[in-house]
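Start from chain A and add chain B according to the hints.
If you read the sequences in order, they're chains A and B. Residue numbers 671 to 873, in the working numbering, belong to the letters of the first sequence in order. Residue numbers 389 to 609, in the working numbering, belong to the letters of the second sequence in order.
None of these hints come from the bench; they were simulated from the model. For glycine and all other residues, C-beta sits at the position ideal for the given N, C-alpha and C. Treat each hint with caution, since some may be false.
[To be verified] Listed next, the in silico DSSO-like pairs over lysine-lysine satisfying Cα-Cα at most 30 Å (straight line): (1) Lys512/B to Lys767/A; (2) Lys449/B to Lys512/B; (3) Lys545/B to Lys512/B; (4) Lys778/A to Lys767/A; (5) Lys449/B to Lys767/A; (6) Lys601/B to Lys512/B.
[Stated by the list, open to error] Computed spacing ranges between beta-carbons, pair by pair: (7) Ile786/A to Glu478/B: 54 to 62 Å; (8) Gly476/B to Cys872/A: 51 to 59 Å; (9) Val547/B to Gln739/A: 32 to 40 Å; (10) Ala594/B to Asp831/A: 22 to 30 Å; (11) Glu478/B to Asp700/A: 19 to 27 Å; (12) Gly766/A to Thr410/B: 15 to 23 Å; (13) Asp416/B to Asn755/A: 27 to 35 Å; (14) Thr604/B to Pro762/A: 38 to 46 Å; (15) Asp422/B to Cys759/A: 19 to 27 Å; (16) Val547/B to Arg780/A: 45 to 53 Å; (17) Leu494/B to Asn755/A: 46 to 54 Å; (18) Asp708/A to Ala594/B: 45 to 53 Å; (19) Ser421/B to Asp820/A: 36 to 44 Å.
[What the hints assert, rightly or not] Examples of chain A residues lying across from chain B (beta carbon under 10 Å, computed): (20) His720; (21) Leu721; (22) His725; (23) Ile727; (24) Arg780; (25) Arg802; (26) Gly803.
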Amino acid sequence: MGHFIFLQNTVSVPAGIAAPPGDHAVDVIDQYELAGHDLSNADGVLLSQHLDEQHLIECAPMLDRYLRQGGSISLNGPVYQPYLNGLGCYAPLPSGKAQDWILRFETKHRITDGLIADDLTYRQGVIGFWARGSFPPPLNSTVLTRMIGDDTAADFVWHRDGGGRVVVHPGNDVWFVHNDATSAGRFYANMLDWMAEERSACA
Amino acid sequence: MRLAVVDAGLAYQRRTFADFKTANIFSDLIPISDLGDVNLAGHTALMIPCRTPGHRLTPHKDLLERYVREGGLLLVMGETNPELFLDGLEVTPEPTNFWWWREPDLDLGVQIDMPSHPVLFGLKTQDCAWHVHGTLSVPEGGQVLLSWHPKPAVSAKGVPGALMVDYPLGEGRVLVTSLDPIYHHGSGFMPATTRFLERFLPNAVAYTAAHRKLLTLNSNN
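For reference, chain A alone in the conformation it holds in the complex (with noise of 0.2 Å):
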């Protein structure tokens, strides 16, 4: 079992993070009393694309320090501005056509284990729910998806320098689709037992 920190900032708390998968526990904090809480028992830290981004810059060095003890961010949506060091721009895939957002793994991980590329291309036959742009991966980056377009990297895992990980995904929150009848539903329970195995690595 996992514990996982999730800032809210919508008025209410999305399905997926109200009752999370497997026997995974999420504590819903206002994402404006971060500062508040001690983050470094958390497996890992879920950060939606529905978060006020300037509140993140200032919050950054928090992020930055629970990184460094070894710990796990899920940064989630096409972020206007980047508010973890380090981590560079959004950019959509410039063709805008939907045949070039079509996923592809790039390598076996835990994340992706069990999943089918076509399943998170896809819902309901429709192409770009998933993933339309990215940002370049950093250094040591382990990169779990690429749009077949121009081959560019969609979903990764930035393993920080001085500690930690980052799982980027630059599309709606990852939990948008926990009870998806595909096996698209098992990116978010994959990523956050992957969380819970590493941090006990770590430990």
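Leaving out everything else, chain B in the frame of chain A:
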């Protein structure tokens, strides 16, 4: 005569502000945390952009009402839970149909009711049709600018209702919509939302100028 806008720091809002920077739409970006410290009276119009968390505005409810009653034009965009900061306004949520456009010859059911209203100038129904997230009540004296009339194939239980309403409050006005173009444009989804904003935002600036003129005329009489 541009729009002051509440800046909730959301990526899609900030990207939209940047995308329309050269169009001179927005005058001041007011960080949501500073809202209580700003003299709103200096701004003819204030926009609450899409998906600003409504519960963050509840503590400023009286301030926003006073701003409008004293002559302000408040523009409230979609998915902001306006019922949390505007008295007398109710929202009936609608489960999102992401797939209506895949059915040949099916339209979402959006209707332009007041094509002559300044904020709708040049907009076609297809520019206003991506998702319907809910419908709005019509406060006293309000006009329905856009409405929704779903066919059963779009929404089995959907009830027709208003998508955009303009109503008076004291000396000012509230223009509220349940459409959320800034979220989609700023996230890189739904080209219709970009077409919508390319018209709606300059129109809102023109409406602000007209509102200011009317206020001036009224105060001179």
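Holds or violated: are the alpha carbons of Lys449/B and Lys767/A at most 30 Å from each other?
-> Violated: Lys449/B and Lys767/A sit about 43 Å apart, past 30 Å.
Does His720/A pass the interface check with chain B, least Cβ-Cβ distance below 10 Å?
-> holds (6 Å)
Agreement of hint Gly803/A with chain B interface, Cβ distance less than 10 Å = Interface hint status for Gly803/A: holds (7 Å vs cutoff 10 Å).
For the pair we were handed, Lys512/B and Lys767/A, check the Cα-Cα distance against 30 Å.
-> Roughly 24 Å between the alpha carbons, so the hint for Lys512/B and Lys767/A holds.
Is 19 to 27 Å a correct range for the gap between the Cβ atoms of Glu478/B and Asp700/A?
-> Hint holds: Cβ distance 26 Å, inside 19 to 27 Å.
For the pair we were handed, Lys449/B and Lys512/B, check the Cα-Cα distance against 30 Å.
-> violated (34 Å)
If you check the beta carbons of Thr604/B and Pro762/A, does the distance land in 38 to 46 Å?
-> holds (43 Å)
Range hint 22 to 30 Å: satisfied by the CB atoms of Ala594/B and Asp831/A?
-> violated (51 Å)
Hint validity - Ile727/A Cβ closer than 10 Å to any chain B Cβ | holds (9 Å)
So, Arg780/A near chain B? Judge it on the closest CB pair being under 10 Å.
-> violated (28 Å)
Does the Cβ-Cβ separation between Asp708/A and Ala594/B fall within 45 to 53 Å?
-> holds (52 Å)
Within a Cα-Cα threshold of 30 Å, do Lys778/A and Lys767/A meet the stated pairing?
-> Answer holds: Lys778/A to Lys767/A is near 27 Å, not above 30 Å.
The structure does not agree with the numbered hints 2, 5, 7, 9, 10 and 24 stated previously, though it agrees with the rest.
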